[in-house]
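**Student:** Bring the two chains, given one by one in their own frames, into a single complex with the hints.
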Amino acid sequence: MSEQIILSARGLDFYYGPAQALRSIHLDIPAKKVTALIGPSGCGKSTFLRCLNRMNDLIPGARAEGSLTFHGEEIYQKGRDVAALRRRIGMVFQKPNLFPMSIYDNVAYGPRLHGIRSRSALDETVERSLRAAAIWEEVANRLKRPALGLSGGQQQRLCIARALAVEPEVLLMDEATSALDPISTGRIETLLGTLKDRYTIVLVTHNMRQAARVSSRTAFFLNGEVVERGPTERLFSMPRDRRTEAYLTGCLG
Amino acid sequence: MNPRHIRDFAAKALLWLSAGAVSALLLALAGYAGFRGAPELSWRFLTGQESILGGTAGILPSVVNTLVVIAVSLAVVLPVGVGAAVYLTEYARNRLFVEGAAFAAGVLSGVPSILYAMIGALVFCDKLGLQKTLLAGSLTLSIMTLPTVLRTTQESLKAAPLSYREGALGLGAGKWPMIRTLILPASVDGIVTGCILAAGRVVGETAVLMYTAGLSMVMQDFSSLQSALDASGATLSTALYVYAKERADFGAAFAVATVLLFLTAAINSLAAAVGRRVRRV
Ligand SMILES: Nc1ncnc2c1ncn2[C@@H]1O[C@H](COP(=O)(O)OP(=O)(O)OP(=O)(O)O)[C@@H](O)[C@H]1O
Ligand SMILES: [Mg+2]
Numbered sequence: 001m002s003e004q005i006i007l008s009a010r011g012l013d014f015y016y017g018p019a020q021a022l023r024s025i026h027l028d029i030p031a032k033k034v035t036a037l038i039g040p041s042g043c044g045k046s047t048f049l050r051c052l053n054r055m056n057d058l059i060p061g062a063r064a065e066g067s068l069t070f071h072g073e074e075i076y077q078k079g080r081d082v083a084a085l086r087r088r089i090g091m092v093f094q095k096p097n098l099f100p101m102s103i104y105d106n107v108a109y110g111p112r113l114h115g116i117r118s119r120s121a122l123d124e125t126v127e128r129s130l131r132a133a134a135i136w137e138e139v140a141n142r143l144k145r146p147a148l149g150l151s152g153g154q155q156q157r158l159c160i161a162r163a164l165a166v167e168p169e170v171l172l173m174d175e176a177t178s179a180l181d182p183i184s185t186g187r188i189e190t191l192l193g194t195l196k197d198r199y200t201i202v203l204v205t206h207n208m209r210q211a212a213r214v215s216s217r218t219a220f221f222l223n224g225e226v227v228e229r230g231p232t233e234r235l236f237s238m239p240r241d242r243r244t245e246a247y248l249t250g251c252l253g
Numbered sequence: 001m002n003p004r005h006i007r008d009f010a011a012k013a014l015l016w017l018s019a020g021a022v023s024a025l026l027l028a029l030a031g032y033a034g035f036r037g038a039p040e041l042s043w044r045f046l047t048g049q050e051s052i053l054g055g056t057a058g059i060l061p062s063v064v065n066t067l068v069v070i071a072v073s074l075a076v077v078l079p080v081g082v083g084a085a086v087y088l089t090e091y092a093r094n095r096l097f098v099e100g101a102a103f104a105a106g107v108l109s110g111v112p113s114i115l116y117a118m119i120g121a122l123v124f125c126d127k128l129g130l131q132k133t134l135l136a137g138s139l140t141l142s143i144m145t146l147p148t149v150l151r152t153t154q155e156s157l158k159a160a161p162l163s164y165r166e167g168a169l170g171l172g173a174g175k176w177p178m179i180r181t182l183i184l185p186a187s188v189d190g191i192v193t194g195c196i197l198a199a200g201r202v203v204g205e206t207a208v209l210m211y212t213a214g215l216s217m218v219m220q221d222f223s224s225l226q227s228a229l230d231a232s233g234a235t236l237s238t239a240l241y242v243y244a245k246e247r248a249d250f251g252a253a254f255a256v257a258t259v260l261l262f263l264t265a266a267i268n269s270l271a272a273a274v275g276r277r278v279r280r281v
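As given, the protein sequences belong to chains L and S, one line each in that order. As numbered in my numbering, residues 1 to 253 make up the first sequence, in order. As numbered in my numbering, residues 1 to 281 make up the second sequence, in order.
Worth double-checking, as some hints may not be accurate.
The calculated label-pair distances, taken between Cβ atoms and stated as ranges, are [what the hints assert, rightly or not]:
hint: 1; chain 1: S; residue 1: F222; chain 2: L; residue 2: G61; range: 50 to 58 Å
hint: 2; chain 1: L; residue 1: S24; chain 2: S; residue 2: L96; range: 35 to 43 Å
hint: 3; chain 1: S; residue 1: V80; chain 2: L; residue 2: G42; range: 42 to 50 Å
hint: 4; chain 1: S; residue 1: F9; chain 2: L; residue 2: G61; range: 32 to 40 Å
hint: 5; chain 1: L; residue 1: K144; chain 2: S; residue 2: Q226; range: 43 to 51 Å
Hints are computed from structural coordinates only; laboratory data are not their basis. Built from N, CA and C at the ideal position, the CB exists for glycine as well.
Next comes chain S alone, as it looks inside the complex (with noise of 0.2 Å):
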């Protein structure tokens, strides 16, 4: 063999190695979180709610909250994001403003978790007087993916190509058409990776939700608007840690934690059915 072939042969084996060790870390760590939580999973665990009286143990409190959670806060940091991210890339024109905005969207996607935590408990349940609610969470969790969704958002917008809008201006399309046709349709793929990524945090989450949204396992009422805007309660991250931590009730809490990783596969395969399908229209 001659050096260049050695290269190469180490240079895949490395990339194979890490791309190996990745994968093997995942299973792991699924493995392990599965072969620890299965024993406890059920579907009474899995639909019933936790009951001291009666001796059950559930979580679907805890499931119904977290989806609650997503949806709002994605509903909330969706328009707000696109929104702002279309102003500063195709809009703006004060060069501090944009870069001004693009230096704080950096900064505070690196903040810790817990600063959220005591803005949005100072804010939105104190001086908005929400209390500890999924809405006071749900709003804080909006706030700090903010950041995720504006930048990806803005570069999808910066790489949709050049001669969408020469052709759509050179047919006379005001910017505004050009952009709603075009640009943002192009630029899907990267606002649906923004939106996993502000899934993916927001299911992660526990800090900003136990200090903003409460930590009852009790199973809330969503039949009225005022009843929905009052219930507060632990998402599935935050029952895990209540589980592991408040009771030392490990089972339970690897059982809530192979619930949670199938929640993350599915809102990323439905994220990418969704792009797929956005793209083709």
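Here chain L stands alone, though its shape is the one from the complex (with noise of 0.2 Å):
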């Protein structure tokens, strides 16, 4: 079976002003399968995970050089249009960044600004949104009630269902677990599991077991480079590069 690349780095590098972050990064990521980002803190996963949707353009000073595509086109050509790019590839943050609206009105955010005005596809988005993020069980009969009020697992799901609502064709994820408890870290695993036939998942995570439960491909980031990348079972298992197994022996003790 191929597998279709959608994402691709070519001699990537990545400054925040004179500091470079990334160095020359090579990576492909493939479409519907998910794809763990692991490293020690500070080697520039988030930076990457974020070049993706071009977040990082709200640093100011910050910029990339070499080549990164989406579907063949360069992201950060000029005159792209970010937003554009950024429903297709949405992102679920550290923390969840819930908007201090109605649960409802949270996942009808995305869906409204891409001028969904009607009351009955609102209505349908949301709680399909909600049923994919594994969330609308718990919801259904609130969801008039501030998204604020929810405990902090049910929050990064609804996060989920609102970055779903926009049906974006990938997902990224910044250690999107490393705030929950042990049973809403597993609800989300679980939902991982459902939601890659559908979408392309790049997750950075701190989690070894996490990374190997979930992803079919693992690269393993040092110093803003990629050391080594692979089938998660392999580099997990045999690791080709000496640094990786050291931080894999590290982590999992």
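**Tutor:** Here's what the structure looks like:
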């Protein structure tokens, strides 16, 4: 089975002002798979993830060089419609970042933004997204209540629902479970299992067991470089690079 | 008692004293004005107007003029100030320009109001031919309060959580939709504060209005647009000046002062209520 490459970095460099955070990254992200990015703190995982939807644009003085493509088109091309790109490449952040609105309005925020006005269409999208994020049962009878009244785990699943509501192709998740208890984390991992048939997922995690459980490919970052990448099973059982092995041994004990 | 407790106690006592002094001063001022003004305050005084022939005193025209000037100057300064603040904090790219604007606003907010009075008289009354009218006065005051509204709005825009921005942009929101739906609502507090401060300065201003809006204490005609544009006269603060300075009628002056205190309190509570209301939506 040949896999389709949806995102591809070729010699990607990234700078925060004078400081270089990514060095000549070569990495392919296959479509409709879960790809895990692992590595010690400060090695550039978040930076790489935030290049993919150009969230780094918010940081003054930050710039990318080299090639990074989505469906073969340069992400950093001049004149690229960044809003349209971000609509297709959704993001879930480390801390749940719901808006101060009702549960319903949070999920409907994206669709409304993109011009859906009809009540029934919105209702349908909201329900479908909440079901897809495995939180429908818990919130169905309180859609009009403030979203910030939910528990942390529920908030994070609601963030996933909000991201799914604009029907992205890719979902970027930056340590999306690191602030959650084991039960909520387990729920989200199960959820990822159901989403990976329809979405391309790129996930940053410090939890090696989580990477091993949910991802089919893994890339190991160190000091702004990709040291090793490959099928998760192979990388975890037979790391080819000494540094990968050292890191995995340190993490898994 | 050990030294830490003593220090703690001393600090608390000092804080309590200064809070007490502020409240006492405020109460004393309000109490004195009320004490001197109350005998003069009557329904007829509040709802009547002055007539030398009829021998009556009344401040209704000034109350109405005050409300008109507040409404018109806020109606101008609010969209202009908030618009400029959004542009400067969210859109402007040129650092020099942004910092220059902040510097100018800082200087302008410290300029004595008599300078605004002269500029208003020159520009609005003369050059633009508005004469001494409530409109000319309101426009001058909106320029005078612009730096305040600009600054408080800018500060609250900057304080809007980054997570809202990331959340909205991450869903493919454009900049303006993000600002309209999340950043501005999160900034309502600061904008309302700016308006209270602006309204406070408008209510307290005399110099500007004496030069640009006139001193008449006769009821103006607001029934048609033309006559409303021509309306001119004293607000409560200017009336207070006229009573105290030109007529040495201190009873009436203190009565006006009492009304001013109530008006200020009313504006503050109204603004607080509006702020609560908007935030809940
Ligand atoms: N906004 C920023 N401005 C300047 N430097 C930054 C910024 N964000 C990150 N960096 C630097 O870039 C490098 C990579 O950071 P990044 O956040 O991508 O690491 P990470 O792998 O996600 O780490 P963690 O696991 O702790 O989240 C670090 O050296 C960091 O200090
Ligand atoms: Mg990170």
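**Student:** Now look at each hint and say whether the structure bears it out.
**Tutor:** Evaluated hints:
1. S:F222 x L:G61: 50 to 58 Å: At roughly 55 Å between Cβ atoms, G61 of chain L and F222 of chain S fall inside 50 to 58 Å, so the hint holds.
2. L:S24 x S:L96: 35 to 43 Å: holds (36 Å)
3. S:V80 x L:G42: 42 to 50 Å: Given about 45 Å between the Cβ atoms, the range holds.
4. S:F9 x L:G61: 32 to 40 Å: violated (50 Å)
5. L:K144 x S:Q226: 43 to 51 Å: holds (49 Å)
Hint violations for this structure: number 4 only, all remaining hints satisfied.
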